[in-house]
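Student: Residue numbers (the working numbering), protein chains in the order written: chain A, 1 to 303; chain B, 1 to 303.
Since the hints were derived computationally from the structure, they do not count as laboratory data. Incorrect hints may have been included.
[To be verified] Cut-off 30 Å, straight-line C-alpha distance, at most; resulting in silico cross-link-like pairs (DSSO-like, lysine-lysine):
#: 1; chain 1: A; residue 1: LYS248; chain 2: B; residue 2: LYS54
#: 2; chain 1: A; residue 1: LYS269; chain 2: A; residue 2: LYS248
#: 3; chain 1: A; residue 1: LYS39; chain 2: A; residue 2: LYS248
#: 4; chain 1: A; residue 1: LYS39; chain 2: B; residue 2: LYS54
#: 5; chain 1: B; residue 1: LYS54; chain 2: B; residue 2: LYS39
#: 6; chain 1: A; residue 1: LYS54; chain 2: A; residue 2: LYS269
This structure is a prediction, so every number in the text was calculated from the model and none was measured.
2 protein chains.
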Amino acid sequence: MNHASTHQTTDITQVLGENASRVEAMLDRLLPDGGGPEKPLLDAMRYACLNGGKRLRPYLTVATARLFGVSEEQAFRAAAAVEMLHCYSLVHDDLPAMDDDELRRGRPTCHIAFDEATAILAGDALLTLAFDILADPATHDDAAVRIELVRGLTEAAGAHGMVAGQMIDLAVEHRQVDVATVERLQALKTGALITYSAEAGAILGEADPDARESILAYGRDVGFAFQIVDDLLDEEGDEAAMGKAVGKDAAAGKATLVGVLGKDAARQKADRLAERAVESLEAFGDSAGALRDVARFVVTRRT
Amino acid sequence: MNHASTHQTTDITQVLGENASRVEAMLDRLLPDGGGPEKPLLDAMRYACLNGGKRLRPYLTVATARLFGVSEEQAFRAAAAVEMLHCYSLVHDDLPAMDDDELRRGRPTCHIAFDEATAILAGDALLTLAFDILADPATHDDAAVRIELVRGLTEAAGAHGMVAGQMIDLAVEHRQVDVATVERLQALKTGALITYSAEAGAILGEADPDARESILAYGRDVGFAFQIVDDLLDEEGDEAAMGKAVGKDAAAGKATLVGVLGKDAARQKADRLAERAVESLEAFGDSAGALRDVARFVVTRRT
Numbered sequence: 001m002n003h004a005s006t007h008q009t010t011d012i013t014q015v016l017g018e019n020a021s022r023v024e025a026m027l028d029r030l031l032p033d034g035g036g037p038e039k040p041l042l043d044a045m046r047y048a049c050l051n052g053g054k055r056l057r058p059y060l061t062v063a064t065a066r067l068f069g070v071s072e073e074q075a076f077r078a079a080a081a082v083e084m085l086h087c088y089s090l091v092h093d094d095l096p097a098m099d100d101d102e103l104r105r106g107r108p109t110c111h112i113a114f115d116e117a118t119a120i121l122a123g124d125a126l127l128t129l130a131f132d133i134l135a136d137p138a139t140h141d142d143a144a145v146r147i148e149l150v151r152g153l154t155e156a157a158g159a160h161g162m163v164a165g166q167m168i169d170l171a172v173e174h175r176q177v178d179v180a181t182v183e184r185l186q187a188l189k190t191g192a193l194i195t196y197s198a199e200a201g202a203i204l205g206e207a208d209p210d211a212r213e214s215i216l217a218y219g220r221d222v223g224f225a226f227q228i229v230d231d232l233l234d235e236e237g238d239e240a241a242m243g244k245a246v247g248k249d250a251a252a253g254k255a256t257l258v259g260v261l262g263k264d265a266a267r268q269k270a271d272r273l274a275e276r277a278v279e280s281l282e283a284f285g286d287s288a289g290a291l292r293d294v295a296r297f298v299v300t301r302r303t
Numbered sequence: 001m002n003h004a005s006t007h008q009t010t011d012i013t014q015v016l017g018e019n020a021s022r023v024e025a026m027l028d029r030l031l032p033d034g035g036g037p038e039k040p041l042l043d044a045m046r047y048a049c050l051n052g053g054k055r056l057r058p059y060l061t062v063a064t065a066r067l068f069g070v071s072e073e074q075a076f077r078a079a080a081a082v083e084m085l086h087c088y089s090l091v092h093d094d095l096p097a098m099d100d101d102e103l104r105r106g107r108p109t110c111h112i113a114f115d116e117a118t119a120i121l122a123g124d125a126l127l128t129l130a131f132d133i134l135a136d137p138a139t140h141d142d143a144a145v146r147i148e149l150v151r152g153l154t155e156a157a158g159a160h161g162m163v164a165g166q167m168i169d170l171a172v173e174h175r176q177v178d179v180a181t182v183e184r185l186q187a188l189k190t191g192a193l194i195t196y197s198a199e200a201g202a203i204l205g206e207a208d209p210d211a212r213e214s215i216l217a218y219g220r221d222v223g224f225a226f227q228i229v230d231d232l233l234d235e236e237g238d239e240a241a242m243g244k245a246v247g248k249d250a251a252a253g254k255a256t257l258v259g260v261l262g263k264d265a266a267r268q269k270a271d272r273l274a275e276r277a278v279e280s281l282e283a284f285g286d287s288a289g290a291l292r293d294v295a296r297f298v299v300t301r302r303t
């Protein structure tokens with residue numbers, strides 16, 4: 001059992017690595033490049049995206065899209081849009097007025113490498129470009145599918161989704177919070193976009209309502225498990241391996257489930273969520289193996 | 001002639017005022033409201049939008065939509081999306097790292113009234129909400145029309161549009177620039193969104209290609225004329241009437257057409273652009289009277 005699970009983790013690491021290369025190539029293709037006086041903006045957009053992250057979110061999009069027979073070109077386009085949205089959120093979150101981070105994926109954050117104004121604008125432009133890619137006929141020939149992709153992302157990313165989560169994250173710093181508040185915060189701040197990452201593949205594949213609901217249930221559990229493990233790694237992880245500062249949540253008084261439940265209970269919850277995510281995929285049989293591997297990876301990863 | 005033109009200006013002022021009230025009402029309806037720990041975000045979004053601006057951009061959307069027989073509900077929804085996009089850009093432009101403005105439309109700017117983090121997030125959420133409204137079936141029942149609205153806005157607002165213009169605006173501060181650079185800067189920074197404001201009405205109304213091209217030509221000229229007059233008012237205007245600091249462009253070393261051409265030549269250019277905008281509407285006959293009035297208003301306004 002232990003051997004099998006270790007073997008699986010190795011496999012998914014390789015699969016994620018290959019996927020990350022293809023996501024990187026698609027990002028490189030879709031990001032603007034050029035000279036002129038706006039060059040710092042374009043450079044900062046590329047810097048913020050082309051940095052070798054794990055690319056978990058775009059992998060969820062691609063793996064789900066494959067489940068529904070979507071073409072690789074369309075799947076990777078939507079995946080790149082999801083990743084741009086994620087990268088914009090990191091650029092803005094890292095700003096001095098927000099989390100004030102200087103290191104991200106082992107490199108200076110965008111506002112350190114460029115300047116604050118350029119980082120703000122690069123985030124704005126990445127957010128806008130994510131919608132542009134989803135709305136582009138090359139992403140799907142049916143306008144109804146494209147508009148559903150756009151709408152799903154506006155809901156996941158906006159004032160009732162990710163941005164609300166970031167606001168709550170800042171608002172409850174250094175304050176006593178209960179489990180329900182932390183769960184809502186995480187569902188909004190990271191859960192909504194991770195759930196959408198999987199949902200986007202189902203939208204592209206025009207999945208029927210039952211299949212779509214299964215994917216949503218899977219995405220919600222994977223997203224929450226991911227965030228809990230992120231917080232555990234922030235407490236326990238190795239700074240060099242993580243490529244960013246660790247122990248920052250506690251220092252910044254961040255509300256995390258690890259903080260309110262303790263490490264052991266948080267770890268158990270993450271494992272239970274990953275199991276339930278796997279169970280959500282039952283109706284898909286063997287074809288959902290890639291998504292099951294992701295759910296298990298999310299709670300076994302070390303970085 | 002002078003009398004007629006004064007009379008016309010009075011009329012359009014009243015028309016704009018009535019339109020502004022209806023835009024305000026639609027913004028109030030579409031902006032999120034609520035409590036919880038994310039309340040500062042929602043409050044800041046409302047603060048940034050509900051402030052009694054002239055609402056020129058949404059009026060262009062509504063007036064163009066009427067030309068093509070669009071329902072008032074759909075026209076004002078798209079108009080509100082355009083205004084939210086504009087308000088997001090003002091919130092981010094006013095940030096300390098950008099233009100560092102403390103006064104906007106006679107009130108403290110968003111980051112002064114709230115704080116920088118909340119202002120950054122409010123801008124992000126307004127940008128996202130603008131796309132959400134355009135993608136909503138209530139804005140048009142045909143997904144192809146909605147996706148065209150979304151795509152038009154991503155192009156006007158992103159790294160090849162408004163955000164690029166803002167980057168250039170910052171990049172060329174205190175530098176010697178030529179007329180071509182200033183014209184490109186203005187076309188991107190303010191021209192693209194003003195042009196889209198009119199175009200959105202034509203998209204909603206499923207205008208034929210010729211009509212659409214006429215509206216685009218009109219929008220480009222009105223947008224450029226608007227910006228030139230804005231720069232003239234910054235040099236000549238009355239701070240109390242403007243509701244913001246004046247003389248700031250010169251102090252900040254901003255590149256303006258007034259700076260490179262001088263006041264008289266800039267004024268003449270604005271007048272010529274307004275005339276040409278009016279000529280672009282020839283094919284519409286009397287039905288385009290409202291749009292003609294806007295073009296004339298843009299170059300005769302005092303605030």
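Student: Taking the earlier hints as the rules, which of them does this structure contradict?
Tutor: Numbers 1, 3, 4, in rising order.
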